[in-house]
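Chains as they are written, first to last, in the UniProt record's numbering: chain P, 1 to 260; chain G, 1 to 270.
In short, the hints are calculated from the structure, not lab data.
Treat the hints with caution; some may be incorrect.
[To be verified] Have a look at the derived ranges for each label pair, beta carbon to beta carbon:
#1 Gly31/P - Glu228/G: 35 to 43 Å
#2 Asp187/G - Thr15/P: 19 to 27 Å
#3 Leu138/G - Leu121/P: 14 to 22 Å
#4 His211/G - Leu55/P: 58 to 66 Å
#5 Asp187/G - Ala228/P: 53 to 61 Å
#6 Ser232/P - Leu138/G: 17 to 25 Å
Where is the CB? At the ideal position from N, CA and C, for every residue including glycine.
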Amino acid sequence: MMDRIAAFGRVGIETIASFGRASQFLAGVVGGVPKPSVGFPLLIRQLYAVGVLSLAIVVVSGLFIGMVLGLQGYTILSDFGSEAAIGQMIALTLVRELAPVVTALLFAGRAGSALTAEIGLMKATEQLSSMEMMGVDPLRRVIAPRLWAGFLAMPVLAMIFSVVGVIGGMLVGVEWLGVFEGSYWGNMQASVDFVDDVVNGIIKSVVFGFVCAWIAVYQGYDCVPTSAGISSATTKTVVYSSLAVLGLDFVLTAVMFGNF
Amino acid sequence: MVSSAYITLKDVVFSRSGRRIFDGVTLNIPKGKITAIMGPSGTGKTTLLRLIGGQLRPDSGLVSVAGHDVPKLKRRDLYRLREKMGMLFQSGALFTDLSVYENVAFPLRVHTALPEDMIRDIVLMKLEAVGLRGARQLMPSELSGGMTRRVALARSIALDPELIMYDEPFAGQDPIAMGVLVKLIRDLNSSMGLTSVLVSHDVPESLSICHFACIIADGKVIGEGTPEELRAHPSERVQQFLNGEPDGPVPFHYPSGDTASDFGFPGGAS
Chain P
1 MMDRIAAFGR VGIETIASFG RASQFLAGVV GGVPKPSVGF PLLIRQLYAV
51 GVLSLAIVVV SGLFIGMVLG LQGYTILSDF GSEAAIGQMI ALTLVRELAP
101 VVTALLFAGR AGSALTAEIG LMKATEQLSS MEMMGVDPLR RVIAPRLWAG
151 FLAMPVLAMI FSVVGVIGGM LVGVEWLGVF EGSYWGNMQA SVDFVDDVVN
201 GIIKSVVFGF VCAWIAVYQG YDCVPTSAGI SSATTKTVVY SSLAVLGLDF
251 VLTAVMFGNF
Chain G
1 MVSSAYITLK DVVFSRSGRR IFDGVTLNIP KGKITAIMGP SGTGKTTLLR
51 LIGGQLRPDS GLVSVAGHDV PKLKRRDLYR LREKMGMLFQ SGALFTDLSV
101 YENVAFPLRV HTALPEDMIR DIVLMKLEAV GLRGARQLMP SELSGGMTRR
151 VALARSIALD PELIMYDEPF AGQDPIAMGV LVKLIRDLNS SMGLTSVLVS
201 HDVPESLSIC HFACIIADGK VIGEGTPEEL RAHPSERVQQ FLNGEPDGPV
251 PFHYPSGDTA SDFGFPGGAS
């Protein structure tokens with residue numbers, strides 16, 4: 001019994017210590033902003049790596065999710081003779097929930113895991129150490145551009161996801177199932193509020209982007225520098241990011257749309 | 001050893017994961033000379049370099065480089081001091097996404113505002129010094145182990161440092177590559193007036209080029225001096241290490257129980 005209590009306590013202490021290290025790490029990264037002349041090209045390169053290269057998976061996923069929403073929405077709404085509201089349903093579902101959440105999950109799986117593996121491998125091959133010994137701070141040079149790139153890329157990816165999803169829903173609802181095009185766009189325009197829906201969705205994706213990028217770069221930087229350590233860190237990135245996104249989504253939804 | 005020390009370690013104590021690596025190490029590394037730090041595997045030779053470079057902090061004691069108390073330096077000052085240091089890592093630690101040319105140019109681009117044509121000249125000069133000017137367009141994955149270390153060496157001298165630290169430069173090298181590295185270390189030291197710290201357990205190569213050497217074992221310096229002084233050192237432990245004897249003060253057998261009982265012979269302790 002005492003052993004179990006001790007083990008429980010040890011896990012608690014280790015978790016708090018890890019969170020403390022991650023916060024200290026974040027302070028070091030955010031505090032150490034490189035000069036614009038140095039930092040901007042690095043940021044652009046990372047925006048390409050984590051943002052542009054994630055476009056394909058985001059666009060394809062957005063298109064199919066929009067199409068599925070169109071099919072499901074039509075099936076349900078037509079029972080009530082309300083299939084004209086399909087545009088409203090698809091847009092609100094995407095903008096408020098699915099775009100930020102699914103984009104974040106896709107981001108964690110594609111870009112987050114890649115960031116962790118890249119940084120972990122740089123650590124294992126002593127590239128980060130050699131950078132330190134050259135008088136170059138790896139937190140500024142390697143970590144900061146990747147963190148900011150994730151933070152900036154996520155909202156843009158989520159918006160693209162929403163747009164493509166709406167087009168996918170239109171392809172199924174309007175082009176295939178015959179919903180009147182005017183109703184599709186008109187209901188969407190009338191019901192989607194820019195501040196309540198679009199801005200709140202963007203805020204969600206900004207938060208998710210920051211958390212996913214933080215987890216990814218920290219796991220890479222803190223990993224055990226062996227092949228097993230990098231593998232474990234990559235897995236942790238995907239699992240922790242997914243859980244954090246889903247948990248935070250509930251909290252943010254409650255705050256934004258709870259109407260308590 | 002000598003009075004004009006560039007690096008001073010005094011009563012350095014360092015522990016990691018509950019294990020004491022250094023237990024009061026005192027060492028002076030003279031300016032402008034090659035100092036070899038030797039010792040059996042796992043005695044903390046690389047750790048010593050990391051303490052000198054400020055990547056690790058000692059539990060107690062003094063680590064001074066060029067008059068700076070390294071553990072007490074602020075982050076910015078520490079990074080500034082490191083611009084005067086070069087370090088050759090055992091793996092080379094080249095940036096795998098950059099070519100040989102870009103690897104050597106990296107510290108110049110970060111720390112200087114030199115125009116591109118001047119950077120090019122310096123990079124080619126450094127690569128020429130290590131015999132790899134013709135390999136500048138290659139990627140690190142296309143280099144052999146010896147070439148990787150030579151490129152890393154060119155990169156570590158790109159900023160003309162005052163101090164260069166070599167971490168096991170000869171490990172895993174064929175005789176030709178080892179000969180090349182020995183020549184490079186000697187030539188660079190004499191031509192650039194560097195202070196060189198060479199961590200290795202390759203005794204003949206290290207003693208052939210160093211001016212001073214010390215042997216570390218069990219967390220302490222067990223012998224130091226010129227190569228000649230070290231060869232004549234009275235300590236059996238030093239002699240066992242220098243001559244590579246399999247048995248001696250460091251026993252061949254790991255501590256174990258009674259042999260007879262382990263093999264189940266009669267008369268063994270049960």
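Consistency of beta-carbon spacing, alanine 228/P to aspartate 187/G, with hint 53 to 61 Å: violated, 41 Å
Holds or violated: 14 to 22 Å for the Cβ distance of leucine 138/G and leucine 121/P? holds, 20 Å
Given the hint of 17 to 25 Å, check if serine 232/P and leucine 138/G actually sit that far apart at their C-beta atoms. The hint (17 to 25 Å, Cβ to Cβ) is violated, given that serine 232/P and leucine 138/G are roughly 33 Å apart.
Looking only at beta-carbon atoms, does the pair glycine 31/P, glutamate 228/G fall within the given range of 35 to 43 Å? Since the Cβ atoms of glycine 31/P and glutamate 228/G sit about 52 Å apart, the hinted range of 35 to 43 Å is violated.
For histidine 211/G and leucine 55/P, compare the CB-CB distance with the range 58 to 66 Å and indicate the outcome. holds, 59 Å
Given a hinted range of 19 to 27 Å, is it respected by the beta-carbon distance of aspartate 187/G and threonine 15/P? violated, 53 Å
Violated hints, in rising order: 1, 2, 5 and 6; the structure is consistent with all others.
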